[in-house]
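Participant: Residues per chain, in single letters:
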Amino acid sequence: MAIAAARQTPRGRVAALIRQFGLPALGILTILGYWELHIRLFSVPNYLMPPPSLIAVTLVEEWPTLERNVGTTVIEAVGGFLLGNAVAILLAVLFVHNRPMERTLFPVAVAVRTVPIIAIAPILVLLLGNGYAPKVVIAALISFFPTLVNMVRGLQAVETSALELMRVLSATKAQVFFKLRLPSSLPFLFAALKIATASSVIGAIVAEWIGADTGLGYLIVISTFEFRTGLLYATTAVASFLALALFLSVVALERLIVRWQPDTPRQ
Amino acid sequence: MSPADPSASRIDLAAIQLEEVGMTFPTSSVPLRVLEAVSLAVRPGEFVSLLGPSGCGKSTVLRLVADILVPTDGRITVNGESPETARRRRAFGFVFQDATLLAWRSTLENVLLPLEISGDASRGRERARRLLDLVGLAKFESAYPWQLSGGMRQRVAIARALVTEPRILLMDEPFGALDEITREYMNLELLRIWQATATTIFFVTHSSPEAVFLSDRVVVLGTRPGRVKLDLAVDLPRPRDPALKETVEFARYTAALRRTLVGETRLE
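Quick note, the sequences are listed as chains L and F, same order. Read in this note's numbering, the first sequence has 2 at position 2, and its numbers run on one by one without any break. Read in this note's numbering, the second sequence has 1021 at position 21, and its numbers run on one by one without any break.
Just to be clear, a hint being listed does not mean it is correct.
[Claimed, not checked] Under the rule of at most 20 Å between Cα atoms (straight-line distance), these lysine to aspartate or glutamate pairs were calculated in the EDC-like manner:
1. L:173 - F:1084
2. F:1229 - F:1216
3. F:1139 - F:1109
4. L:173 - F:1019
5. F:1229 - F:1019
6. F:1229 - F:1067
7. F:1139 - F:1120
8. L:173 - F:1073
9. F:1229 - F:1241
10. L:173 - F:1120
11. L:173 - L:159
12. F:1229 - F:1109
Just so you know, these hints were derived from the structure itself, not from any lab.
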């Protein structure tokens, strides 16, 4: 608490703001600046690699096109994220309470994990058609495994003495789960969910490459074929902003729910 | 300096009674015999310490009384009932070596946990606040465990153990992880709480000065398998003051305990 008090001085606050936002911004601006300069100095043709300024202009000019396509990808990525993580959480709960079930199903989960997502995507498009379904399933598959592994670890990461405490208190199995195992698994779960945000966007885009007539993945394929490099880069930027937005939503949710951890490591 | 009369360990209404208790842990190689024919009794309202070198099975004794473990041989009663019945009736509270607070619960919520589990949290809030006041943490009821020092956390654990108003408090080296000064302070606090709540305390420790300072009686456990080596009544005046530790009488008691312990500790 003494550390928090020291932060409250105006000088400390400015220093903290610079550390939190100033330094990361400096890193990004340096790279963008070099990129712009390099392309102008060495006259790199725009169809090979546009400078950041041109990408920004394209973003504005092509915004109606981008806007039309981003919605599809959001639905697929978020749908896959929710589906994959829901299945992973339920399976983890099942595994922790039923060892034979874990022995039976965990190898299946590993097998699913080892199939490259790019290889399985065409199969799923064949099976599920051209609509949302295969994209959602692929996004779900890609975000499923890290959550399963982390959630199982989280549910098991309970101290022996905490279990003994529950025994002394004559807690029921349900009480042990809801009052002990589930809350103590949340930091593990959120670590996995953060990984899953970026993965689910990747899954949705890869699925759109295989067969789609809308979405950011579709736009990437089309703009590459048509040599609209500016649009390609703008789409890529939108895709990465989408992943970032999902990531930040999960971070915000974590801050709301996992309130017991200190913001800064204790000294 | 009178060893307790052996016949006195058979009491009609003992708070805790162990008769010829033995415990074997099945391990993968050889079954591990940790306790052999342990008999002892704790009277209602008494403060009894169980002292022994590490690995002698003193924590196991406490876990048998608390029905966390079940003995291989012998009989245990708590308030004349089986440990399981006593546990279901919330006849005892348990304080662990590490405070075992739930990190996502505030101080008050941690103290309320036992009542939530037994289903009377609604009318326990006042009692929980009173107990936090008793352990000197009234101002910290909304703090989280990471914001508390080791000694404060252990005081929350004591309040939590007392919230179901048990007649018996089982304590497993509760101050073992604290520094010397905090430990001395917590010893005084514990005696004050014991006097204020009139509970029976069965206290496991490996420190002979701590055992002598706190207890009415100290039971020394030998090693492998653990058995009772000495049952020593501590006839020192109460309330006890830290200055007591500098007296000759105090030194005599700790010396007697040390001699018994040294005979039991094998240097490996």
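Participant: Hint by hint, note whether the structure agrees.
Facilitator: Hint by hint, here is what the structure shows:
{"no.": "1", "hint": "L:173 - F:1084", "verdict": "holds, 17 Å"}
{"no.": "2", "hint": "F:1229 - F:1216", "verdict": "holds, 17 Å"}
{"no.": "3", "hint": "F:1139 - F:1109", "verdict": "holds, 14 Å"}
{"no.": "4", "hint": "L:173 - F:1019", "verdict": "violated, 32 Å"}
{"no.": "5", "hint": "F:1229 - F:1019", "verdict": "holds, 15 Å"}
{"no.": "6", "hint": "F:1229 - F:1067", "verdict": "violated, 24 Å"}
{"no.": "7", "hint": "F:1139 - F:1120", "verdict": "violated, 24 Å"}
{"no.": "8", "hint": "L:173 - F:1073", "verdict": "violated, 28 Å"}
{"no.": "9", "hint": "F:1229 - F:1241", "verdict": "violated, 28 Å"}
{"no.": "10", "hint": "L:173 - F:1120", "verdict": "holds, 18 Å"}
{"no.": "11", "hint": "L:173 - L:159", "verdict": "holds, 16 Å"}
{"no.": "12", "hint": "F:1229 - F:1109", "verdict": "violated, 42 Å"}
In summary, the structure is inconsistent with hints 4, 6, 7, 8, 9, 12 from the numbered list given earlier, while agreeing with the others.
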